[in-house]
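Trainee: Listed below are the residues making up each chain.
Number of protein chains: 2
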Amino acid sequence: MSTHTTESHAGRFPRLATLLAFLAATPFVWSQHEFDDAADERGPIRISGNENAFGYSPAAMMAMMESLGNINRYARDEAAAFVEAISAKERVPSDYIITTPGSGPVLVMTALAYAAPGKNMITVTPGYLQLARAFEQAGGEVKSIPLTDDHAHDLDAMKEAIDEDTVIVYICNPNNPTGTIVDPDKLRAFIRSVPRDILVFVDEAYLELADGGLEANSMIGMVRQGRNVLVSRTFSKVYGMAGLRAGYGIAPPEVLAKLRPFHLGGPNLLACVGATAALGDEAAFAENVERYRATREMVTEALDDMGVKYADAHGSFVFIHTGVPIERFQARMEERNILVGRPFPPMLDWCRVSIGTEEEMMTFLRVFREIMTEEGRLASR
Amino acid sequence: MSTHTTESHAGRFPRLATLLAFLAATPFVWSQHEFDDAADERGPIRISGNENAFGYSPAAMMAMMESLGNINRYARDEAAAFVEAISAKERVPSDYIITTPGSGPVLVMTALAYAAPGKNMITVTPGYLQLARAFEQAGGEVKSIPLTDDHAHDLDAMKEAIDEDTVIVYICNPNNPTGTIVDPDKLRAFIRSVPRDILVFVDEAYLELADGGLEANSMIGMVRQGRNVLVSRTFSKVYGMAGLRAGYGIAPPEVLAKLRPFHLGGPNLLACVGATAALGDEAAFAENVERYRATREMVTEALDDMGVKYADAHGSFVFIHTGVPIERFQARMEERNILVGRPFPPMLDWCRVSIGTEEEMMTFLRVFREIMTEEGRLASR
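Heads up: the protein sequence lines correspond to chains C and V, in order.
Read in order, the letters of the first sequence correspond to residues 1 to 381 in our numbering.
Read in order, the letters of the second sequence correspond to residues 1 to 381 in our numbering.
Worth double-checking, as some hints may not be accurate.
As the list claims (entries may be wrong) - Derived DEER-like restraints, expressed as beta-carbon distance ranges: (1) V:E160 to C:S193: 25 to 35 Å; (2) C:A116 to V:K159: 27 to 37 Å; (3) V:A257 to C:R224: 40 to 50 Å; (4) C:P93 to V:G212: 45 to 55 Å; (5) V:S87 to C:Q137: 23 to 33 Å; (6) C:K159 to V:E160: 52 to 62 Å; (7) C:D95 to V:E136: 17 to 27 Å; (8) C:R196 to V:A257: 35 to 45 Å; (9) C:D95 to V:K119: 29 to 39 Å.
Since the hints were made in silico from the structure, they are not lab data.
From a predicted model like this one, the values you see are computed outputs, not experimental measurements.
Where a beta carbon is used, it is the ideal one built from N, C-alpha and C, also for glycine.
For reference, chain C alone in the conformation it holds in the complex (with noise of 0.2 Å):
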């Protein structure tokens, strides 16, 4: 990489070069599941965690290859590279960014910068809970409104529930579990009708996913616009780099400013090199995101030729209204060697389930079909 010619100094493998060669001549397949035919070795189907089956940028894979020898020193320019690479994507100035090992630090920093005794938050429940939990802890409280009957944010309940002691509304969009979006619209107009003191969370790890995607939907136009509002990115999801730990922050500076007392530092010199090539990678990133929605659509068909019910499905996982008790289905599942989502209270008859590769979702949808019939859900064929 020309930024790092400068360090040559460095621990470099002279070797890499004959490396790269090998590799450029082997063409790297971008998932495993055509190949993996010992089924029996294979671990469970782990549809639980939102993860990406389907893979990363190969250019990725390449340039943290490259940099492998360069990690005896510190992140510089690597660090700086991926902060100009975020700027020109979302058309902010570098001071509106923080970089962070995937986007969780950003959330639990915004708690610890904001939370006191006295001071409250407004979230939904079920949603997302990593920011609220932190708030909680660190003595703030939390309020959290109920899902509307299509399981998505309640914009007016929410916009009711704000007094003079919030200092936080937590939007996940598309909600997690539920993976309902909010209309982009009618989400400016909620931004525009809170309190300028009151900071507005957008939270966008799945958002790639939603129907029209960032451009019809990310409120980063909001931040561009000087209002009080974060928005936060990941690459454990769609960019399917979630061991990788790469993530980010948009806001106005002297928000970024009350966060900075509590971060621990940026995405590694691997996560920044991967991360930047990641955003480089058009071609990588079009093909996750139509192989996620065309796996996506594959499940919501086969759930509406059984006539389950589930909600409008935006994000990496489809919330699914089994009735049967999570606990229940979650064993059921694990006998059969599927790992799915964990229980979300209060919707405990309904289970979120990740998507997976379409093998994947085959063989789920499979055993879906046999433990609902057995269960009595759905009549037998």
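We have chain C; now place chain V onto it with these hints.
Mentor: Just chain V now, kept in the frame of chain C:
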């Protein structure tokens, strides 16, 4: 890796076996200086940031390369294996361990957990400031005790500075920037004499490089005895993996419980895998320690020859009394394409020089002699 075979549904790359066979037949060279004959293309000699110029364990590199296909999943087995390896090395139960991206997060988390208006901590000046700065920013007071005449921790003065509002005593051993160490028996006696409600934080980032290494000098035994002591270690220094961000803290579980609310996640999957492999690669570790000590000795012997004073050097750096104001010395070195350490007030006519490769240090010593002569600090030869 056996820990991954149950994960074969993940986005594994099937050609990896071929790749690894190729790599196994390709001896990696552990540091590149002997091959690096394109001197014109080199960047500066970077002996400013206590980075490891020698490189890191080839076994760690291989392990990371093999894991590049698994990063679409969160670190689970990999994180557990890392904790297990630390537990075996340090002979403490796993609930005494907190893993972090480098050891810096342990320092900052401790500051955030213990600091409050009215509380104080004790450290030395010049010393490593990351914990003290975070403590001060969080509203606590920092009492900085001057070093002894031989640039070491003044344990008696630190003891005297303790009052009823003291919550932390921080000892970086070897001290950064001076490189001096504390006699282990004296340090143990000091720890025993400190009121038990005060946390003694022993930062052992460089201790592997001290005479006698960890065996003779580490305070981990005090943790094992249940003392109110936290020992931190990093893979950024002797292990040569600064950009990978792996480190940990060892302390009684009740101490770690205070830190956890500020924890933003462990090292990433590759860092867990790489650091675990590095712990198992005793040959690479021994080679690194040996090269560090030999190169440091080459530098100190040359300084002795020149009659230039330096602090007793036990870390990966030498703190040299140049007699030249540090900004001026730094600038003159940079003109010659050598980056040296920043100012460490109040010792402003001293310079911290990190140990680079043998060749880099020979270049440094040649340039050093020239500049010192021109500055009238050495008689011309």
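Trainee: Work down the list of hints and note, for each, if the structure agrees.
Mentor: Hint by hint, here is what the structure shows:
At about 59 Å, the beta-carbon gap between E160 (chain V) and S193 (chain C) misses the expected band of 25 to 35 Å. A hinted range of 27 to 37 Å holds for the C-beta pair A116 (chain C) and K159 (chain V), which are about 36 Å apart. A257 (chain V) and R224 (chain C) have their C-beta atoms about 41 Å apart, which keeps the hinted 40 to 50 Å range intact. Between P93 (chain C) and G212 (chain V) the Cβ separation comes to about 51 Å, which falls inside the hinted range of 45 to 55 Å.
In this structure the hint that S87 (chain V) and Q137 (chain C) lie 23 to 33 Å apart at CB holds, the actual value being about 27 Å. At about 58 Å, the CB distance of K159 (chain C) to E160 (chain V) agrees with the hint of 52 to 62 Å. About 24 Å separates the C-beta atoms of D95 (chain C) and E136 (chain V), a value consistent with the hinted range of 17 to 27 Å. Under the hint 35 to 45 Å, the C-beta atoms of R196 (chain C) and A257 (chain V), about 38 Å apart, fit the expected range.
Under the hint 29 to 39 Å, the C-beta atoms of D95 (chain C) and K119 (chain V), about 32 Å apart, fit the expected range.
Checked against the numbered hints above, the structure breaks only hint 1 and satisfies the rest.
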